[in-house]
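Same order as they appear, the protein sequences are chains A and B.
The first sequence begins at 2 in our numbering and counts up one residue at a time.
The second sequence begins at 5 in our numbering and counts up one residue at a time.
Everything labelled a hint here was simulated from the structure, so no lab data went into it.
Here a beta-carbon is modelled for each residue, glycine too, at the ideal position from N, C-alpha and C.
Don't take every hint at face value.
Stated by the list, open to error - Chain B is faced by these chain A residues, among others (derived, beta-carbon under 8 Å):
hint : residue
1    : S26
2    : I29
3    : S31
4    : V33
5    : V47
6    : D118
7    : P223
To be verified - Partial list, derived from the structure: chain B residues whose beta carbon lies under 8 Å from chain A:
hint : residue
8    : H35
9    : N38
10   : G63
11   : V70
12   : K154
As the list claims (entries may be wrong) - Cut-off 35 Å, straight-line C-alpha distance, at most; resulting in silico cross-link-like pairs (DSBU-like, lysine-lysine):
hint : chain 1 : residue 1 : chain 2 : residue 2
13   : A       : K203      : B       : K47
14   : B       : K47       : A       : K321
15   : B       : K117      : B       : K222
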Amino acid sequence: MATATITTESGSGGHSPGRNYLNESSGILSWVFTLDHKRIGLMYLVGVMSAFLLGGTFALALRTELLTPGPTTGMTHDMYNQMFTLHGAVMTFLFIIPGIPAALGNFVLPIMLGAKDVAFPRMNLMSFYLWMGGALFFVLTLFLGGLDTGWTFYTPYSIDTNTSVVSAVLGAFVLGFSSIFTGLNFIVTIHTLRPPGMTWFKMPLFLWSLYATAIIQILATPVLGITLLLLFAERTMGIGIFDPKLGGDPVLFQHFFWFYSHPAVYIMILPGMGIVSELISVFSRKAIFGYRFIAFSSLAIALLGFLVWGHHMFTSGESKMAAIVFSGITFSIAIPSAIKVFNWLATMYKGSISLATPMCFAQSFIVLFSIGGLTGLFLSTLSTDVHLHDTYFVVSHFHYVMVGSTLTAFLGGLFYWWPKITGKMYNDIQGQIAALIIFVGFNLAFFPQFIMGSRGMPRRYYNYLPEFQTYHQLSTYGSYVLGAGLFLALWVLVQSLLRGKPAPMNPWGGNSLEWHTSSPPPLANFEHTPEATDPYDYHANKYDPAVGGYVPIPKAQKTVDPYGGIE
Amino acid sequence: MSTLAPAALPADGHDHGHDHAHGHSPFLAHHFENHEQQFDSGKLGMWLFLITEILFFSGLFTAYAVYRANHPEIFTYGHMFLNPTMGAINTVVLLFSSLTMAWAVRCAQLGQKQGLVILLAITWLCALTFLVVKYFEYSHKFHLGIYPAKYFVYGEDPHGELKATGNAAASHASDPHADPVDHAHADAKPAGDSHAKGEHAAGGHGDEGLPTRAELPKDIGIYFSIYYCLTGLHGIHIVGGMIAIGWIFWRSLRGDFGPEYFGPVDFVGLYWHLVDLIWIYLFPLLYLIH
């Protein structure tokens, strides 16, 4: 299928060391029609980061508006509503959900697996263009009068509002297809394209987490698709299924919506957990503790995630019995999550920890995810949730999980694989400083929100009582610090592109297969079909100062692993 | 698959980076080792896609179940407006097309080009027949003023509770009523008309034996919303299937398929069986059970 394009792109031999996927062919068309997963991953990377910039700009504007009660910046109530809606929708649908799987996952999944490409390269490209289409619909929404429903499109308001629900809904619908195709591609790739020797339990944990994520994408996203299609039909044809004026049931929409959107939060966090599993192990130079537990806990989270949507609706008048059951199942998600956190801590225990930039982000992840996860317990408890529902406590909770955790994991993964993707090293000290500023800024921005939320500050309000002003100010200043940290991180990466040192094959000493090929990888990922080995064996490579990275130890020189028995 | 010929594999089909596209069958993508691996990938991908399709419809089936549980009366009356004969004809047509599709896959596996071409053509024509029958069903309903909930104007009573929405609907619903029709009394009239002709707006007349507007439960329109959503989405899938069948029909004319390479026929076949299967559920749920 992919033969035609690939052949033309690879006419000259891929064996010469200077050839890689970036310089194998040139010109804009070689990118637009590329079927190479690495280039598609890169295009996704640029796309999701642009979306992040857009959503982040909205966020800073919103925080500035909230610096004082009442009007601060001249933004009107309507503009405020539209801005927080698009902030949520853009960040959720365009950045956090596709961020790790579609951008980083697309790049590294086949390489880590030892495959030449994903199973369906053309579908992969189509998935990217669907993403672009969805993004354009959201931009179109901006020009068609915005959207003020909140990213959840709750009925009946989304039926009545005059803003451009239809274009936003179509955008999210198209993005859903993009997400489904990515997930489908990953599952098939993992099932059928593993080279000889790559058994399921030799797969790096990032692939397990992408596999679990893909299951959610396939099982949950179609339900969002039909829900959005029904909402579209509701607006255009008045089908009345969600419209109480016609005898419809608006709460049904919430059920449908959260049946997707709760599992979707695991689409956001699971790949992040996979990245952190890699980072913690590599930068502790110690085999991951409890490999199978981490692998299976990803699957457990994916499956349990489907049974808890009702906890978003404790205050929507669902039956007390249903609420109790949903509350109970929600607690159970803490078990696989805690398994992961404890395994990461156990991996670091007595490890030889180096705080390189990716590891700094991984450490941030553990702290932020723990705070985000533990505050989830307040919200899964019926009695406290009724008090905290739709307050800033909820806002803070899901920002800790979705932004604090997923964003730091995304950045950690980006800095980890950056030398592999671009073939350039970056300034590690500046990267560490950026990671620290992001950590501090994030906590300053969102921790006060827990406090004001528990004291009754409702979410989504344009105005507030003066007693909340201190918290809002702290939060706003924190968001500026966070933004500065993110720009510093971007600056580090741009500097690396401009004048970074060439990256060695294996700068961090990892042993998963992406470190067994050159940086950047050749067009078909490997010069020779790789041999699958234990991805967490840190005695296979040793640091070589002449190369500036790790090189394999010849088999005869291998010594006995002093910690080999621990795993 | 036992039907795949391993002899087709080039001996040097691996290990050469990316210059191995030469010497391969033209239908073997560069990143697969052999046809069997490519077929298995495609098959798994297709099954996963079908799972997403089932979940896609599941939202509508859930809406059906919820409304059936909460408002059984709208289903009792709603199904009276559907024509089980036409539904049955369509069921037979689709079942027959599933047979011809499965047979076409077998022909592709055996390399029988002529049989493949003919069977795909029959399958495509069955799909077209289905849509034609559906067209008659839909246009009859539009003619009676049976639209989704907000625009439902069947036997409209301007003095009744649906007045407001009925007026709003009249402009939207006017096209099908432009022609002279036998059941003018079932027509929606613009707001101005309803006062002048109020005497025949009581909904006392319907199609032969159909309930009058007054007899129908208040939210009956939602039944037809569910009906149009389910059958409409299914119809879109039929159209998609026709495009897919047309594509492999064209490729089979070109002679692409044979014992070594028949994956696309098989995958489109699977999709077509799913579309049939969904109809097998829609027919009794909408047309038959009371």
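Compare the structure with the hints numbered earlier in the document and write down the numbers of the violated ones, lowest to highest.
Failing hints, ascending: 1, 2, 3, 4, 5, 9, 14 and 15.
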